[in-house]
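As a plain string of letters, each chain reads:
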Amino acid sequence: MSRSSTRFDTKKVNSELVTLTYGALVAQMMKDLDNTDDVSKQLERLGYNMGIRLIEDFLAKTGTGRCLDLKDTADKIQTAFRMYLGVQPNVANWSAAGDEFSFILDTNPLTDLVELPDDLKSLKYCNIICGAIRGALEMVQLDVQSWIVQDQLKGDQNTEIRVKFIRRLEDAMPAGED
Amino acid sequence: MADETLFELLHSEIVNYALESNEIKYKESKDEDLSIIEYIGFSTGFRIIERLTKDMPRFKDELDTMKFICTDFWSAVYKKQIDNLRTNHQGVYVLQDNGFRFLTKLSNGKQYLEAAPRYVAFTCGIIRGSLANLNINCLVTAEVQNMPSCKFHIQVQRT
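In order, the protein sequence lines correspond to chains A and B. So in UniProt numbering the end of the first sequence lands on 178, straight run, no missing numbers. So in UniProt numbering the end of the second sequence lands on 159, straight run, no missing numbers.
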């Protein structure tokens, strides 16, 4: 009777589920590896694996074509952030050569409910996002590097994720295709 | 707010991670140690239930709690309700889900059946963790005979 009316906001639950599951995973890794550098590296790799598969979902859902230039790429990643994390980061700090840019997030759902203890200040908690960006872009023939410049968990105002274009990957296309 | 796809990918990466760390720990044995996955589920369940039930009235009894798990909780986490709940009224509950979310994309039948335990361990943990935070100590096991349906057996431990 009274309880049947309690419907949860499934979107919010799902988001918290991701946050909490990710937190539990990081905690488990910390226990297993006992070294923040190794954990950061693992998280990046994990994100890479997720990015490889996430890009297919993204392309299927949005139906976008190839990126024309890096500005276009940045815009599309911005869309992906909104789709998957529900946040709208700002694209900023373009380098003079136009091959580097940053995403600035004022809120980060991954770090909701999270607080880093002092002895883990070197842990790159959000490295999974960097990995996901790298993995996803590799699938569309873009080799990039990605790292965290600012982190709210470490007392910064925003979370800033830097992306640097390295090179375009060449596809070994069979003759007569594309 | 995160998308559902993200949760599914994260879940499969957890499975991946657990299998890899198994390989390092026990090179020889063929047994799969799924306790890492279960434990990650446990801590997740333990925390999420607190956030979900904080504005709710207290549950009447054990059965009431189980009903909550089968309906509201399950539809919040797995997008559908449990299809069948059975109990012997002595602390054993069987929850049956005919289209379990983590198995639907895996197979429809008996193919890959040997891999199924990896994909239900996390959920066993979530149930155990949630109930533990609601003051019910229990043992949760899963049984998969034909994917994508799955039965969760909950055995309440009484002292």
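The reader is advised that the hints may include incorrect statements.
With a Cα cut of at most 27 Å, we get these calculated BS3-like pairs of lysine-lysine [said to hold, decoys possible]:
{"#": "1", "chain 1": "A", "residue 1": "Lys41", "chain 2": "B", "residue 2": "Lys25"}
{"#": "2", "chain 1": "A", "residue 1": "Lys61", "chain 2": "A", "residue 2": "Lys121"}
{"#": "3", "chain 1": "B", "residue 1": "Lys25", "chain 2": "A", "residue 2": "Lys11"}
{"#": "4", "chain 1": "B", "residue 1": "Lys25", "chain 2": "A", "residue 2": "Lys31"}
{"#": "5", "chain 1": "B", "residue 1": "Lys105", "chain 2": "A", "residue 2": "Lys61"}
{"#": "6", "chain 1": "A", "residue 1": "Lys61", "chain 2": "B", "residue 2": "Lys25"}
{"#": "7", "chain 1": "B", "residue 1": "Lys67", "chain 2": "A", "residue 2": "Lys11"}
{"#": "8", "chain 1": "B", "residue 1": "Lys110", "chain 2": "A", "residue 2": "Lys12"}
{"#": "9", "chain 1": "A", "residue 1": "Lys164", "chain 2": "A", "residue 2": "Lys121"}
Selected chain B positions facing chain A (Cβ under 7 Å, derived; list incomplete) [claimed, not checked]:
{"#": "10", "residue": "Glu4"}
{"#": "11", "residue": "Phe7"}
{"#": "12", "residue": "Glu38"}
{"#": "13", "residue": "Ile40"}
{"#": "14", "residue": "Arg47"}
{"#": "15", "residue": "Ala76"}
Simulated from the structure, these hints should not be mistaken for laboratory data. Note that the Cβ used here is the ideal one computed from N, Cα and C, for glycine as well.
Does the structure break any of the earlier hints, and which numbers would those be?
2, 3, 6, 8, 12
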